[in-house]
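**Student:** Take a look at the letters that make up each chain.
2 protein chains.
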Amino acid sequence: MNKFISLEHGAGGRKSWELIKNLRRILKFTGSWENISDDGAVFALGKEKLVFTTDSFIIDPLFFPGGDIGKIAICGTINDLVVMGAKPIGISLAMVIEEGFPEEDFERIISSINKISQETKIPIVTGDTKVTNKGKIDKIEITTAGIGLAKRIIDNSGLKPGDKIITSGDLGTHGVVILAKRFNYQTKLKSDSQSIFEEIQSILKYLTAAKDPTRGGLAANIVEMAEKGRVKIVLEEEKIPFKKETLALTSLLGIDPFTLPSEGRFIAGVRGRYALKAVKILQKFNKEATIIGEVKKGRRVFLKTKIGSLKPILMPEGKLIPRIC
Amino acid sequence: MNKFISLEHGAGGRKSWELIKNLRRILKFTGSWENISDDGAVFALGKEKLVFTTDSFIIDPLFFPGGDIGKIAICGTINDLVVMGAKPIGISLAMVIEEGFPEEDFERIISSINKISQETKIPIVTGDTKVTNKGKIDKIEITTAGIGLAKRIIDNSGLKPGDKIITSGDLGTHGVVILAKRFNYQTKLKSDSQSIFEEIQSILKYLTAAKDPTRGGLAANIVEMAEKGRVKIVLEEEKIPFKKETLALTSLLGIDPFTLPSEGRFIAGVRGRYALKAVKILQKFNKEATIIGEVKKGRRVFLKTKIGSLKPILMPEGKLIPRIC
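Protein chains in written order, with the numbering used here: chain A, 1 to 325; chain B, 326 to 650.
There could be a bad hint or two in this list.
Here are some chain B residues pointing at chain A (derived, C-beta under 7 Å) [what the hints assert, rightly or not]:
{"#": "1", "residue": "T379"}
{"#": "2", "residue": "D380"}
{"#": "3", "residue": "S381"}
{"#": "4", "residue": "I383"}
{"#": "5", "residue": "T451"}
{"#": "6", "residue": "D453"}
{"#": "7", "residue": "K455"}
{"#": "8", "residue": "V456"}
{"#": "9", "residue": "T468"}
{"#": "10", "residue": "A470"}
Using C-beta positions, here's what the derived DEER-type ranges look like [claimed, not checked]:
{"#": "11", "chain 1": "A", "residue 1": "E104", "chain 2": "B", "residue 2": "E373", "range": "41 to 49 Å"}
{"#": "12", "chain 1": "A", "residue 1": "S251", "chain 2": "B", "residue 2": "E428", "range": "30 to 38 Å"}
{"#": "13", "chain 1": "B", "residue 1": "I606", "chain 2": "A", "residue 2": "A44", "range": "32 to 40 Å"}
{"#": "14", "chain 1": "A", "residue 1": "G135", "chain 2": "B", "residue 2": "K328", "range": "16 to 24 Å"}
{"#": "15", "chain 1": "B", "residue 1": "R433", "chain 2": "A", "residue 2": "P65", "range": "38 to 46 Å"}
No lab work stands behind these hints, which were simulated from the structure alone. Virtual Cβ for every residue (Gly too), placed ideally from N, Cα, C.
Whenever a hint applies, use it, and build me the whole structure from the sequences.
**Tutor:** See below:
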């Protein structure tokens with residue numbers, strides 16, 4: 001029987017893992033590579049570590065409140081580097097553009113990329129531009145890759161019992177803005193799309209593990225951190241900073257807010273005794289930064305609901321997860 | 326008046342330069358970046374140089390005699406690094422796949438990538454896999470980025486009067502194979518798609534400049550080398566190793582063979598006194614490696630025809646250049 005690749009393969013949940021098993025076969029340790037993965041690879045360069053990562057973006061809509069495809073492409077790659085503890089040194093920008101794409105829109109995307117590059121002082125250093133026949137691609141596709149240098153790698157497997165789980169701010173807001181725009185639902189929310197470089201740097205020394213919850217949202221990312229760290233995590237429902245409008249819209253659409261992507265937030269593990277201090281520092285950037293749970297001995301992730309019951313949080317399955325990023 | 330991006334912007338000729346002027350605005354020197362460009366960026370790391378490059382591939386057909394999209398994506402990035410004098414240390418692989426793409430074809434592409442990675446011992450170290458709704462992309466798009474380390478950067482601006490121009494083998498064969506497949510024209514030719522790492526390494530010390538003539542072919546690449554080196558180049562028509570079938574098909578289609586891409590060849594400058602030696606070494610890999618011209622004082626590129634007249638070679642214009650890579 002012929003098999004075909006389905007949307008579920010790309011949704012960031014369980015099916016994605018199956019598809020990239022193929023990739024994992026070709027991701028081989030060689031020479032000085034200390035760690036290789038989809039998130040980012042680590043190469044030993046003397047006392048420093050070189051981190052290398054990539055991400056593709058084909059999104060709809062291209063422009064949305066708070067950002068556009070250029071902004072999330074650049075911030076996405078910056079953030080993938082910084083959650084690993086690296087200082088990004090340069091980004092590559094490859095674009096495939098459909099013939100007939102308005103130059104004005106292209107200029108807007110380039111300006112947006114330029115703005116982030118200047119604000120973060122992270123340069124775009126190399127690129128590629130291809131133009132395809134009409135219909136070969138829908139408007140524009142952007143792939144960024146990035147390299148960074150780190151003194152210490154923050155691993156997403158580093159959680160230990162006793163750690164607290166913190167978030168740098170409200171979660172899922174990017175996802176809900178994209179959904180709202182697609183469903184023509186009025187909202188004043190703006191995407192959280194941004195570089196988290198400064199935020200991560202401010203509490204780098206306290207971090208035991210970190211991840212930016214993009215595809216698959218908080219659910220996929222917290223489950224991955226628990227599995228890789230071989231620990232149990234208990235999140236407290238009341239403490240998770242979803243915006244009211246986020247909960248209103250996800251409830252209306254029957255979507256689990258835990259699966260909504262953020263594009264400018266991170267979740268992290270911090271040793272228990274530093275958790276309040278770390279959150280206080282993060283609140284200077286975003287006052288919704290907070291402790292959302294804790295790490296225990298055991299396995300799996302649970303949500304302690306408002307009424308005190310424990311509900312398992314699972315890796316999202318199928319294409320119910322909105323394909324937003 | 327609204328302006329739209331056209332195919333000419335992506336063909337690798339003059340119009341491409343206009344489009345990427347926008348990009349050049351955002352490609353800024355910062356920190357230890359010594360050189361930044363579309364071809365590859367150079368970062369000083371102690372005594373070594375880190376080279377970083379990227380390329381996107383959306384091609385038709387996906388499979389062709391001698392290769393497939395996976396092979397040219399990996400080889401393309403390896404080759405971009407090695408023509409700059411770098412030893413590739415790792416490649417990233419980002420794929421956007423259309424829903425419904427046959428898993429069998431996906432496996433074939435992954436196997437092909439794996440084969441090159443193992444043969445060259447250059448690992449794929451990080452990646453991204455996105456699946457889009459039907460119609461958002463035509464089958465599959467691949468973007469590779471690569472990093473390499475170099476002791477000495479081979480610049481494509483390094484030509485000096487007295488240098489000889491050499492080619493590592495037959496030119497334009499990849500382009501003619503793709504055209505033949507599209508026009509259903511019978512040929513026994515196979516794409517030249519391959520890694521040129523070993524070939525370049527074997528004569529690295531003799532090189533003054535090098536480039537792999539992909540988009541825009543020999544014409545675009547030799548004009549760029551002449552412009553950047555501020556020299557005149559005279560190529561000898563009789564010495565350029567186009568395959569007989571390449572010339573037959575381009576003549577039939579009215580296409581200039583000088584604009585046809587190769588995916589496993591390089592053209593380079595070598596100091597006059599080392600040219601024969603370098604070519605002899607290269608001929609162990611490909612017996613069509615040869616000297617095709619020389620560098621003089623002055624500007625522009627000329628072709629000395631079989632009857633002895635000088636004909637200017639210009640940067641290809643418009644979409645007459647077949648969009649093949």
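**Student:** Against this structure, judge whether each hint is valid.
**Tutor:** To see whether the hints hold, each was checked on the structure:
no.: 1; hint: T379; result: holds (4 Å)
no.: 2; hint: D380; result: holds (5 Å)
no.: 3; hint: S381; result: holds (4 Å)
no.: 4; hint: I383; result: holds (5 Å)
no.: 5; hint: T451; result: holds (4 Å)
no.: 6; hint: D453; result: holds (5 Å)
no.: 7; hint: K455; result: holds (5 Å)
no.: 8; hint: V456; result: holds (3 Å)
no.: 9; hint: T468; result: holds (4 Å)
no.: 10; hint: A470; result: holds (3 Å)
no.: 11; hint: A:E104 <-> B:E373: 41 to 49 Å; result: holds (43 Å)
no.: 12; hint: A:S251 <-> B:E428: 30 to 38 Å; result: holds (36 Å)
no.: 13; hint: B:I606 <-> A:A44: 32 to 40 Å; result: holds (33 Å)
no.: 14; hint: A:G135 <-> B:K328: 16 to 24 Å; result: holds (20 Å)
no.: 15; hint: B:R433 <-> A:P65: 38 to 46 Å; result: holds (42 Å)
This entry satisfies every hint, going by the numbered hints stated previously.
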